[in-house]
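The residues making up each chain are set out below.
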Amino acid sequence: MVIIAAGLGVLALASALVLNAFRSNLVFFFSPSQVMANQAPQGKAFRIGGLVETGSVKRADDGLTVRFRVTDTAHTIAVVYTGILPDLFKEGKGVVAQGRLGADGVFAATEVLAKHDENYMPPDAAHAIEQAQKAQQSVIIK
Amino acid sequence: MIPEIGQFALILALLLALTQGVLPIVGAARAIPTWIRVARPAAQGQLVFVAIAFGCLAWSFVANDFSVLNVATNSNSQLPAQYRFAATWGSHEGSLLLWVLMLNVWTVAVTVFSRHLPEEMVARVLGVMGLVSVGFLLFMLLTSNPFERLFPAAPDGRDLNPLLQDPGMVIHPPMLYMGYVGFSVAFAFAIAALLGGRLDATWARWSRPWTTLAWCFLTLGIMLGSWWAYYELGWGGWWFWDPVENASFMPWLFGTALIHSLAVTEKRGSFKSWTVLLAICAFSLSLLGTFLVRSGVLTSVHAFATDPKRGIFILAFLTVAICGSLTLFAWRAPRVGLGGKFDLVSRESMLLANNVLLAVAAGSVLLGTLYPLFLDALNLGKISVGPPYFDAVFVPLMTPAVFLMGIGPLARWKEASLPELAVRLKWALGVSLITALLLPFVMGRWTPLVAFGLLLAAWIIATSAVALKYRLSRHDGNLWARLGAQPRSYYGMLLAHCGVAVFIIGVTLVKGYETERDVRMAVGDSVMAGGYAFRFDGVQEVTGPNYRGARGAIDVSRDGRHIEVLHPEKRVYNVQQMPMTEAAIDTGIFGDLYVSLGESVSGGAWSVRVYHKPFVTWIWGGCIIMALGGLLALCDRRYRVPARRSEAIVAGGGKKRAGVSGAAAG
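If you read the sequences in order, they're chains G and L. Using this note's numbering, the letters of the first sequence correspond one by one to residues 10 to 151. Using this note's numbering, the letters of the second sequence correspond one by one to residues -1 to 664.
Among these hints, one or two may not hold up.
To be verified - The calculated label-pair distances, taken between Cβ atoms and stated as ranges, are:
#, chain 1, residue 1, chain 2, residue 2, range
1, G, Leu20, L, Pro332, 16 to 26 Å
2, L, Pro150, G, Gln48, 43 to 53 Å
3, G, Ala69, L, Glu562, 42 to 52 Å
4, G, Gln48, L, Ile310, 28 to 38 Å
5, L, Arg147, G, Ala69, 28 to 38 Å
6, G, Met45, L, Ser555, 29 to 39 Å
7, L, Val46, G, Leu20, 44 to 54 Å
Claimed, not checked - Think about it this way: if two alpha-carbon atoms lie no more than 20 Å apart in a straight line, the pair counts; the simulated PhoX-like pairs of lysine-lysine are:
#, chain 1, residue 1, chain 2, residue 2
8, G, Lys67, G, Lys102
9, L, Lys424, L, Lys467
10, L, Lys265, L, Lys380
11, G, Lys53, L, Lys380
12, G, Lys143, L, Lys265
13, G, Lys99, G, Lys67
These are computed hints drawn from the structure, not numbers from a lab. C-beta: ideal position from N, C-alpha, C; glycine also.
Construct the entire structure; sequences and hints are all you get.
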């Protein structure tokens, strides 16, 4: 009996720990359109995704700070990142970035992900573009 | 022609698998000896046909038969021969075939090393494994045929994913699959026990070596994957909590719990139902892992395949396998009984606590892996669960587990005394505390994290030494005689535990003292990392068999003394036009020097990653030691000559078998 009670106690404690850690470490995904519509949280890390706008990649003199724009074909968002970009980061290709939205409206990325396959679009990025195109179409139909 | 032979062999294998899955199980239930005897030949025949199929596929790859879709999509005539062979399991279809081949190898191993087991038991075990095989063969034949033809044939193939063109990736999947599939033996033994209503110490002794062996393979498989990610992905990480990694880690956690629970069932007859449940969980998660990676529901480097038909088959198969076995468990487990009683302070209770912690850990990984998929599937939004979650969960969960790992081997079965344990362990505690307080100063900088990690590692090693000392004091004779009197499984356990300690040291010191510098380097520029100076001497063009690229030269020196020149590469593979980073690593026992090229920025300058990773090899070394510990335990005499004793208990009405010298554990 004591063992069962102790076991349940441990289990409850562990579950509480797990769920608490889970809740505070979820990272939500927003498309550029959603960010423009102010749906993204201020001061909390989140992910954005879309295509790297062609011609938007600019490198600073230090060689490591990169500025580019992410688009879901309806809206774009400016991103700044310091570090080495993944091999498959390319203009016109899909990208997902994690970071925070600055007060100046520039998304400061701490992590940039581009997946390893030349045809492969990160599903999050594909989703963002799909949503934006749907939204545009429905506007046209109206 | 050859691919058609392979296809035909697969169909024949399916028929044999059906026979192997149905007749022996029904025969065992209805006591029909002829049906029971079908199990062994059916299993062996199935291996022959699956091996033929695998051989045909491998031949198609090696011989560049681009009229086979699978070959055309995953190979290329310029690909070196060894990678063409490895490409056999580089694709979704091929890896399933490898999975089935492994399953058949395990099954035939069971037929060979089970001569001393009762025939009904063997029939049920082989039957269950046959049913698993049916599921996979059907999946292959219906949705993922590896031999599908392409008409007209492609002039050349689309090449193997360059990330997989690496020796590590050649052996990683077979190892991992040996582990995954190995748990099917433990699972089959558990289901057979539920079906037969017999679950006792002998049952545990039979399934233990199989489980341990599978666990060793899985440990090595995960370790190889982690090592591969470290040197191949080019940014020096060794574990990303990526869903694909989690998929292999969850069965490992359950497998670890299962090994320990089986020990209790064998020694004390306790935890019976729990052991069976763990065996079901370990294998279910192996299935889930295989399918998570192979169905394309995940979004990561490993997930290439996408096809909804596959997803539905997988869900159906998982549902049947998991719900079926859990229903059987709910129905039959009460009959199995709980087994011996034990006190709140006893080795059993500590092992139980460890088991619960491991299971909760596996559950938390499952939550973090599947929850984003569920949300996405239900259109409730897109989220990701990153490393911070897993770090936040794992450290608090594993800390008490490591603490108990030190006490458990010293505690008595059934009833242990806390004061006695405290007396025995006070030195171990003292030694670990002193290590934790002082060693970080020697390393250069004291941080709470490093001290804490070293405390855990020192605790494991010190308590293992204390446990060995007390164990030896119970025997007479000189030291060598006393050391020789201990069973190998005991040394295996100590070794595996020390492997965990080595692993913890590696993780702690890398996290605590690593230097990572991402810098822009022009020719002649130098950067310092971990006390070493790295000078960039420019890049040159290189041409490989199936790629072109740039090869950098980075001169490493320490205090003005030249050490070596590292050559990181940036490659672009010809066929897929995919850029790849090849890091240059100087591996050492006390630390790695890691350099990889980012991209060419301007005027001959490159962005470069320059890392110093102290003790990083200890992470994989620890895993290897764990696996060696498992192998050592497998060599234990009681698995090799268990026949006489178990037969006396088991045989009952059955006839005595001659030639019982066969190894039970392989």
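Violations among the numbered hints, reported as their numbers in ascending order: 3, 5, 6, 10 and 12
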